[in-house]
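A.B. asks: Listed here are the chains, written in short residue letters.
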Amino acid sequence: GDSVTQMEGPVTLSEEAFLTINCTYTATGYPSLFWYVQYPGEGLQLLLKATKADDKGSNKGFEATYRKETTSFHLEKGSVQVSDSAVYFCALRLAGNNRKLIWGLGTSLAVNP
Amino acid sequence: EAGVAQSPRYKIIEKRQSVAFWCNPISGHATLYWYQQILGQGPKLLIQFQNNGVVDDSQLPKDRFSAERLKGVDSTLKIQPAKLEDSAVYLCASSLDSQAYEQYFGPGTRLTVT
Chain A
1 GDSVTQMEGP VTLSEEAFLT INCTYTATGY PSLFWYVQYP GEGLQLLLKA TKADDKGSNK
61 GFEATYRKET TSFHLEKGSV QVSDSAVYFC ALRLAGNNRK LIWGLGTSLA VNP
Chain B
1 EAGVAQSPRY KIIEKRQSVA FWCNPISGHA TLYWYQQILG QGPKLLIQFQ NNGVVDDSQL
61 PKDRFSAERL KGVDSTLKIQ PAKLEDSAVY LCASSLDSQA YEQYFGPGTR LTVT
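Listed in order, the protein sequences are those of chains A and B.
Counting from 1, one number per residue, gives the positions in the first sequence under the working numbering.
Counting from 1, one number per residue, gives the positions in the second sequence under the working numbering.
Since the hints were derived computationally from the structure, they do not count as laboratory data.
Not one of these hints is a red herring.
Only some residues are given here: those of chain B computed to face chain A with a beta carbon under 7 Å:
| hint | residue |
| --- | --- |
| 1 | Q41 |
| 2 | G42 |
| 3 | P43 |
| 4 | L45 |
| 5 | Y101 |
| 6 | E102 |
| 7 | F105 |
| 8 | G106 |
| 9 | P107 |
Note that the Cβ used here is the ideal one computed from N, Cα and C, for glycine as well.
Make a model of the complete structure from these sequences and hints.
C.D. replies: Here is the structure:
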């Protein structure tokens with residue numbers, strides 16, 4: 001069935017380090033792909049999205065490219081800050097009438113000063 | 001623009017008791033979602049409303065969970081009776097309509113069942 005797999009956490013980095021959080025998916029058709037972020041004590045927020053193959057989503061210095069050939073949507077940031085400490089969720093939404101979001105388990109990121 | 005509001009933020013109850021959660025979506029958003037997020041997992045969709053009609057409730061445990069959105073605006077989710085495994089964060093989200101890409105989430109209600 002349709003699913004999202006993301007790398008397990010927690011991920012701990014020093015400030016200004018390079019971040020990659022891997023996300024791969026299994027889906028029929030051509031899904032849309034999302035990264036959501038959950039800061040401590042807050043609700044989930046959409047970080048970025050890509051709706052078709054080779055699209056690059058970007059926001060707040062984060063980027064992810066929709067790679068259909070590898071069914072991946074890895075999240076990257078060149079230089080993380082302490083304020084990026086949060087839980088990051090990869091999700092997909094199927095095309096067609098059923099537009100339910102299918103979520104990964106989340107990856108916790110802690111950035112130390 | 002006000003975000004999605006939820007109350008209460010925290011609730012502790014004993015098993016077999018009942019509990020209700022309230023959600024007020026962003027003004028003008030036709031679609032409302034209730035999710036259950038168990039610690040260490042991604043959100044699981046419980047029910048989706050389009051205005052005051054149910055679009056998807058396939059994962060709602062209907063023997064104990066119920067939800068309504070009577071006037072197509074705010075919504076309540078009820079659990080009766082609660083079980084230990086219902087301990088989770090209950091998230092409400094809304095979107096302009098069911099085709100919109102972005103869902104806007106509230107802060108959630110953390111339920112602990114003892």
